[in-house]
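> The residues making up each chain are set out below.
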Amino acid sequence: MHPYLHIEKASMVFDTKKGRFHALRDINLKVEQGEFIALIGHSGCGKSTLLNLVAGLIEPTSGVLLLNEREIRGPGPDRAMVFQNHSLLPWMTCYGNVYLAVERVFGAKETRKQLKARTEAALELVHLTHAMHKYPHEISGGMKQRVGIARALAMQPKLLLMDEPFGALDALTRASLQDELMRIVQETRATTLMVTHDVDEAVLLADRIVMMTNGPAATIGEVLNVDLPRPRDRLALAEDRHYHHLRHEVLEFLYQKQLRKAA
Amino acid sequence: MNAVSLDDRRLQAIMTSLDTEPLPAASTPPTAARPRPTPWLQTERGQAFTAALGRWFRAAIPPAFGLGLFVLVWQLISVSSSEPGLPGPAKTWAAAQALFADPFYDNGPNDQGIGWNILHSLARVGTGFGLAALVGIPLGFMIGRFAFLSGMVAPIISLLRPVSPLAWLPIGLYVFKETEPASIWVIFISSIWPIILNTAAGVTRVPKDYLNVARVLALSEWKVFTRILFPAVLPYLMTGIRLSIGVAWLVIVAAEMLTGGSGLGFWVWDEWNNLNVEHILIAIFIVGFTGLLLEQGLLWLAKRFEYA
Ligand SMILES: Nc1ncnc2c1ncn2[C@@H]1O[C@H](COP(=O)(O)OP(=O)(O)OP(=O)(O)O)[C@@H](O)[C@H]1O
Ligand SMILES: [Mg+2]
Chain A
721 MHPYLHIEKA
731 SMVFDTKKGR
741 FHALRDINLK
751 VEQGEFIALI
761 GHSGCGKSTL
771 LNLVAGLIEP
781 TSGVLLLNER
791 EIRGPGPDRA
801 MVFQNHSLLP
811 WMTCYGNVYL
821 AVERVFGAKE
831 TRKQLKARTE
841 AALELVHLTH
851 AMHKYPHEIS
861 GGMKQRVGIA
871 RALAMQPKLL
881 LMDEPFGALD
891 ALTRASLQDE
901 LMRIVQETRA
911 TTLMVTHDVD
921 EAVLLADRIV
931 MMTNGPAATI
941 GEVLNVDLPR
951 PRDRLALAED
961 RHYHHLRHEV
971 LEFLYQKQLR
981 KAA
Chain B
17 MNAVSLDDRR
27 LQAIMTSLDT
37 EPLPAASTPP
47 TAARPRPTPW
57 LQTERGQAFT
67 AALGRWFRAA
77 IPPAFGLGLF
87 VLVWQLISVS
97 SSEPGLPGPA
107 KTWAAAQALF
117 ADPFYDNGPN
127 DQGIGWNILH
137 SLARVGTGFG
147 LAALVGIPLG
157 FMIGRFAFLS
167 GMVAPIISLL
177 RPVSPLAWLP
187 IGLYVFKETE
197 PASIWVIFIS
207 SIWPIILNTA
217 AGVTRVPKDY
227 LNVARVLALS
237 EWKVFTRILF
247 PAVLPYLMTG
257 IRLSIGVAWL
267 VIVAAEMLTG
277 GSGLGFWVWD
287 EWNNLNVEHI
297 LIAIFIVGFT
307 GLLLEQGLLW
317 LAKRFEYA
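Read top to bottom, the protein sequences are chains A and B. FYI, in the working numbering the residues of the first sequence are 721 to 983. FYI, in the working numbering the residues of the second sequence are 17 to 324.
Check before you lean on any hint, since a few could be wrong.
To be verified - Here are the in silico distance ranges between beta carbons for each label pair:
1) A/Ala828 <-> B/Phe164: 31 to 39 Å
2) A/Lys833 <-> B/Arg52: 55 to 63 Å
3) B/Ala67 <-> A/Gly861: 27 to 35 Å
4) B/Pro171 <-> A/Pro936: 53 to 61 Å
5) A/Leu971 <-> B/Gly167: 47 to 55 Å
6) B/Ile187 <-> A/Ala828: 33 to 41 Å
7) B/Ala68 <-> A/Thr831: 29 to 37 Å
8) B/Ala234 <-> A/Asp918: 29 to 37 Å
9) B/Leu85 <-> A/Gly764: 56 to 64 Å
10) A/Lys833 <-> B/Ala67: 45 to 53 Å
11) B/Gly146 <-> A/Lys737: 53 to 61 Å
12) B/Phe162 <-> A/Ala828: 46 to 54 Å
13) B/Pro171 <-> A/Asp798: 39 to 47 Å
For the record, the hints were derived by calculation from the structure and aren't laboratory data. Just so it is clear, CB atoms sit at the ideal spot from N, CA and C, and this is done for glycine as well.
Okay, chain A solo, but in the shape it has when bound (with noise of 0.2 Å):
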């Protein structure tokens, strides 16, 4: 059986005005259809950079990232991204927004009543159905972010890239939303990749946990498997050791073995 995803000795230099920028070095990691990653490390060590190389948007200097034994060559909307900075569209509505995402992927097989229709359920899914005809400079930050993950989840992605789509939004909206995604990628069975810089998130939704050490040339520290059986529920957990221990572990890493240098 070959790994859905598969990253092999992948690197990444940006020529940049001052020179050349090693942000990534010697990535390898294998994902199994259906898993659910979650990236986690310092700010600017790579992390969007990482998501990039898998949502095809820019290419490895070298290594080789394979999608179902097939070399990536581009961006496709088989791989939804939801966008740190959610870059809706301006000049469309939120409806408009996901509607162009829908029209591009089911466009060809459905009415358009159906299109409607899907549109109109992954803003509910979102709870922005009241803000639906809103537009993107209407609405608040986590409004956005949620219009975002709302038309990369519209879009039944094989493989959903999420670039911190929880890190705008109050903790309420954040847990509702994390059980939301948690119950439609089981039922999607969507492999799923997530940056988050929020232990306890990375935890709750995560069969594993890449964790990256810091740049420049930032490469994968450790991966930690997430054995807690699912469906997994927040308030259960709370009291659970082995979560806590793996919580543990994750904060270990990030502020012992990678304390960031006073910067």
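Given the coordinates of chain A, work out where chain B with the ligands should sit on it, guided by the hints.
Positioned in the frame of chain A, the structure of chain B with the ligands alone reads:
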């Protein structure tokens, strides 16, 4: 700021007190026992009205002063200049009234009402600019999208753009053998640069994030254009159009002075030959005012296309 708000309050007090003064007893009907309705100026809408009125006055006072000063200086110059002096504001106003009494008469090709002359000039600007937009907008998009093309045309544009618009007139006259297409050609060539350059700049400045969305969705070129490039570039395009119409309006008057026949430029030159200085002054005001209207109209249009 304090003084202003004080003024505001005083103004409001004055305006509302008029309304709250007790009515004369004689006119009070016997059913006056029921409470009087709130005076309109004290209602929310009334107060908003007074506030808006105050704001309007405050905004209108400086320009009014400026214009008053302008007329005054004009009057002083006309009085102090030796005979035959520059016509003063009153004389010019009288001439303008006579002129606009019948703006659309038509006594043959070289003697038409001022309305016709304005319309002729506007029509030339419209045609020349329309052609420039037709060529310039697609060209601008392509230059912005394809670096090779941009490198190709950049030297040509930088060479031709600084050329004074009227320098193109002889070429137009030579090629078209007629004045009408020649003046349109001059408008075309002088108004095309802002359109091309602004459109191209807009395309290169489309935020990468938006294009990444297009790439992740793998949208077709057509969808990328209609859903992402075009709306993102529209504000730049509107700026280009505004600049370009501004240039066209500047140039048309000069071009018509040379080509003759009809139009505001021709009229100015004709009145100069008749030594009708009032009409020359009026023409200057008409040119300025029409330019202002065009500019404001386009600004208003551009606002409607703004997102965020
Ligand atoms: N296009 C680029 N050109 C040059 N350098 C880049 C580019 N993109 C990213 N980098 C650099 O690569 C490094 C990693 O950036 P990246 O955005 O992947 O970090 P990140 O882990 O996502 O950080 P954060 O958690 O703050 O989002 C940074 O030092 C950044 O400056
Ligand atoms: Mg990032």
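> Do the Cβ positions of B/Pro171 and A/Pro936 conform to the proposed distance bound of 53 to 61 Å?
40 Å, violated
> Taking the beta carbons of B/Phe162 and A/Ala828, is their distance inside 46 to 54 Å?
For A/Ala828 against B/Phe162, whose Cβ atoms are near 29 Å apart, the range 46 to 54 Å is violated.
> Taking 56 to 64 Å as the stated bounds, is the beta-carbon spacing between B/Leu85 and A/Gly764 within them?
59 Å, holds
> Should the hint that A/Leu971 and B/Gly167 are 47 to 55 Å apart at their CB atoms be regarded as holding?
Because 53 Å falls inside the window, the suggested range holds.
> Per the hint of 29 to 37 Å, is the separation of the Cβ atoms of B/Ala68 and A/Thr831 within bounds?
50 Å, violated
> Could you say whether the range 39 to 47 Å given as a hint is met by the Cβ separation of B/Pro171 and A/Asp798?
44 Å, holds
> Could one say that the CB atoms of B/Ala67 and A/Gly861 fall in the range 27 to 35 Å?
33 Å, holds
> Can you let me know if the beta-carbon spacing of A/Lys833 and B/Ala67 is within 45 to 53 Å?
Once the Cβ atoms are compared, 48 Å apart, the range 45 to 53 Å for B/Ala67 and A/Lys833 holds.
> I want to verify a distance hint. Is the separation of the beta carbons of B/Ala234 and A/Asp918 within 29 to 37 Å?
31 Å, holds
> Taking the beta carbons of A/Ala828 and B/Phe164, is their distance inside 31 to 39 Å?
33 Å, holds
> Okay, A/Lys833 versus B/Arg52 on CB: inside 55 to 63 Å?
At roughly 57 Å between Cβ atoms, B/Arg52 and A/Lys833 fall inside 55 to 63 Å, so the hint holds.
> Using the Cβ atoms, figure out if B/Gly146 sits within 53 to 61 Å of A/Lys737.
Violated: the Cβ-Cβ distance is about 42 Å, outside 53 to 61 Å.
Going down the numbered hints, you'll see the structure goes against 4, 6, 7, 11, 12, while the others check out.
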